[in-house]
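First to last, the sequence lines map onto chains Y and F.
Using our numbering, read the first sequence as starting at 1 and increasing by one per residue.
Using our numbering, read the second sequence as starting at 453 and increasing by one per residue.
Keep in mind that a hint or two might mislead.
[Unchecked claim] With a cut-off of at most 16 Å between alpha-carbon atoms, the simulated EDC-like pairs for lysine to aspartate or glutamate come out as follows:
#1 F:827 <-> Y:45
#2 F:524 <-> Y:36
#3 F:567 <-> F:618
No lab work stands behind these hints, which were simulated from the structure alone.
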Amino acid sequence: MSLRTAGAGAPLTAADIAHNFLELHPALTDAEAVAESNRCLFCYDAPCTIACPTHIDVPGFIKKIANDNLKGAARVILDANPMGHSCARACPVEVLCEGACVMNQQEHRAIAIGRLQRHATDAVLAKSWKLFAPGTPSGKKVAVVGAGPAGLACAQELRRAGHAVVMFDARKQPGGLNTFGIAQYKLRPDTALAEAKTILDLGVELRTGVTIGADLSFEQLGRDFDAIFLGVGLGGTHSLGIPGEGHAAVVDALSFIEQLKTRPYGTFAPPARVLVIGGGNTAVDAATQAKRLGAERVAFVYRRSEDEAPAYDFEIALVRASGCELHWLTAPVEVVVEGGAVTGLKCVKMALGAPDASGRRGVTPVAGSEHVLPCDLVIKALGQTKRVELLRAIPGVQLDGAGRVVIDEHGRTANPKVFAGGDCVNGGKEIVNAAADGKRAAAAISSFLEGH
Amino acid sequence: MAVATNVDLTSNLAGIVSPNPFWLASAPPTNTYGQVARAFDCGWGGAVWKTIGQPIVNVYSRYGGIDSGTQKLIGLNNIELITDRPVEDNLREMKLVKKRYPKHSLIASLMVESKREVWHEIVKRTYGETGCDGFELNFGCPHGMSERGMGAAVGQVPEYCQQIVEWVKEVSTIPVITKLTPNVADITYPARAAKRGKTDAVSAINTINSLMGVDLDVMAPRPNVAGKGSHGGYCGPAVKPIALNFVSSIAADPELAGLPISGIGGISTWKDAAEFIALGCANVQVCTAVMHYGFRIVEDMIDGLSNWMSDKGYARLTDFQGLAVPSIQKWENLDLNHFIRAHIDQTTCIGCELCFIACEDGAHQALALAPKNGKRLVEVKEDMCVGCNLCSLVCPVPGCITMRKVENGAPSVSWKQYSSGAGTLAPRPQHYHTVEE
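Turn these sequences into a full structure, and let the hints guide you.
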């Protein structure tokens, strides 16, 4: 698929943008699913299953697709991973299940596990299958704080165990970053919301627009519930700390992405020249989507080299394929504002130094290398802050030096009633990690509530 | 097109000479002039016309298929009867084929009721009106016609086979091939009967009695006709091993020595054909592969067989015809002291562990998982491996698992010898763990 680009003075139409946001990995046809599922060798103790943080029985569900048992396949997936719909689309399968697939050696082409997973899970939504039922009521009540992937996964497992679940989220809709933060060409809000609904339909009470700590105190939660799961995710984007950062044309990547995902195509357009600062997967998402919205020139600015960039290689490849420029070893020093408008980003070239304690090579500015990259909009993708203030207010919950909630191998915090998982614990990982965390915590909560 | 070789593919079945050994079997592909003419244009060496006989009426749903994964039609069955075209139409078109393709073999397949005068009549009329090169007596179809005392109903009773062959031979001036049914316990009985009746050749196998499957929505077999089905004749690649066994038992039978065989059953490629010829067939007949892919498949059958024969130094079919027959023996003659053992090439192993679980759950517990340096290794427990081959059969990587000879220094000894007191067994490994209570 080639992207449609805007001409001078001719912004992209809604149809153009819809074309640009076609899914990177579209649904398989029935015939494709049969062919692909039959390629699977059905490995014993399969590497794909080991590679999956939720340990989905991948050969098992693929065999079921081949055997015309789509419902069984979907159940295997969603039993292991309640976020199976969104993971099918947004998981970095290249570095997880598909990266581990033995077919990489056999045919230099892994089984399309993600797309097969989508084939099975799409049928659940299309046919309104009810794969799970609430457990026998336990009489216990659990508060799940945050309706993102960790909270939803936890909620599904708690309901299956028979516990009453009330889920709180500050936003108006559930799903967290699944709904508002994943690149549009991977996962659309309607899918994320439909996935959330399958879990809410198990009898989860969702209270939206409620910020814990502000609208409702933790003390109150502690009084009202027998256990609490924290899946609060992360906070806002880190700041650059450079002059000009406060300008309205300097935005953070997540709010940029949220805008494009929540507004109709054609009603939200970036200016002609966009610079994205950062080297992670969110920076990738911002750059590739700015291009798809019609920005003429999009450049990716990162202070280290490509080798140090935290974004996956296949994501960097997508940045290139999207027609974005890449400025490695380039650090911003000032947002240039002229006549009230952002006109560029003053940067300095960086030089790689010796590896630090973590093995990552440090960088130092190159004297006299200042230059200005012209732009109309700066998007910051510098990683998210931790919700330190919110979390510190919870009695007994401890944070590590990086502001992450400290838990044991079962997802328990130091407060016996409080459990946690997802980005607030791991500092920001994939949906599948959040799902695994939420599920693990649900098991620990059940043990706790049953007095084990 | 075929590369030039000095190989001569001319085949001779009981005096019927064809430019190559590839014939179309009597079946839907040989129902009309247009089909057979097109087939000969594509390179087929001969064709057995779809069976002619008394008027019949066919049902509309006729074929059922079985797939394996994405491989369509590893097996096909049919409940179609013999030709439903008037005899005169068939004879007129056959005559035209013979006139326009004089060097190709045209065989008339016949099936009529078991009366001497009826067989005499059809034989004389068919040869008289077509000038065909031979007859094939259809004693094989297991469905439909057998309910009327024809097809397999004849082929399953040696006396009937012999009787009808005799009737045909009383009036035929051209070679007679008796087509045998596999729906018997021992095909040498009807083959011997046909030989006693003075048949010039046999062809084997006809289709195998089968029920292809059950349509679970309508609770009726596939194919079904308005919700009802019937057993039918099974053919296609899946039946080849069964056909090879029948063919080899005819070829190896001392009483049938010298009886020409036309091999049929699941032949799709030149290799399949070569295997049938190696087991003694003078030529082969093909149907299902053509029903799947069309007449064009003969191009590679000719090309592949020619190249292989050239590579092997075989100048003509008779140079390798029957060469594999002596190797087919009773089990009691196999060497009990010939030891082989699995060898896994760790450099090409992809780590699927299918060999491990197949051996562990399905065979002799002779493989062990031995992860080393982050790599997943499967190792052979040498004292447990009985050389059964299963691991090498399930391994998806060509050449990764090979079965290697184990030198035990013991002279060969067969069960026949050993059980009569001759020879000694090489020490057998302790293959099974004992279970303690």
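Against the structure, the hints come out as follows:
1. F:827 <-> Y:45: Holds. Residue 827 (chain F) to residue 45 (chain Y) sits at ~13 Å (cutoff 16 Å).
2. F:524 <-> Y:36: Given pair residue 524 (chain F), residue 36 (chain Y) holds - Cα atoms ~15 Å apart, limit 16 Å.
3. F:567 <-> F:618: OK: residue 567 (chain F) and residue 618 (chain F) at ~12 Å, within 16 Å.
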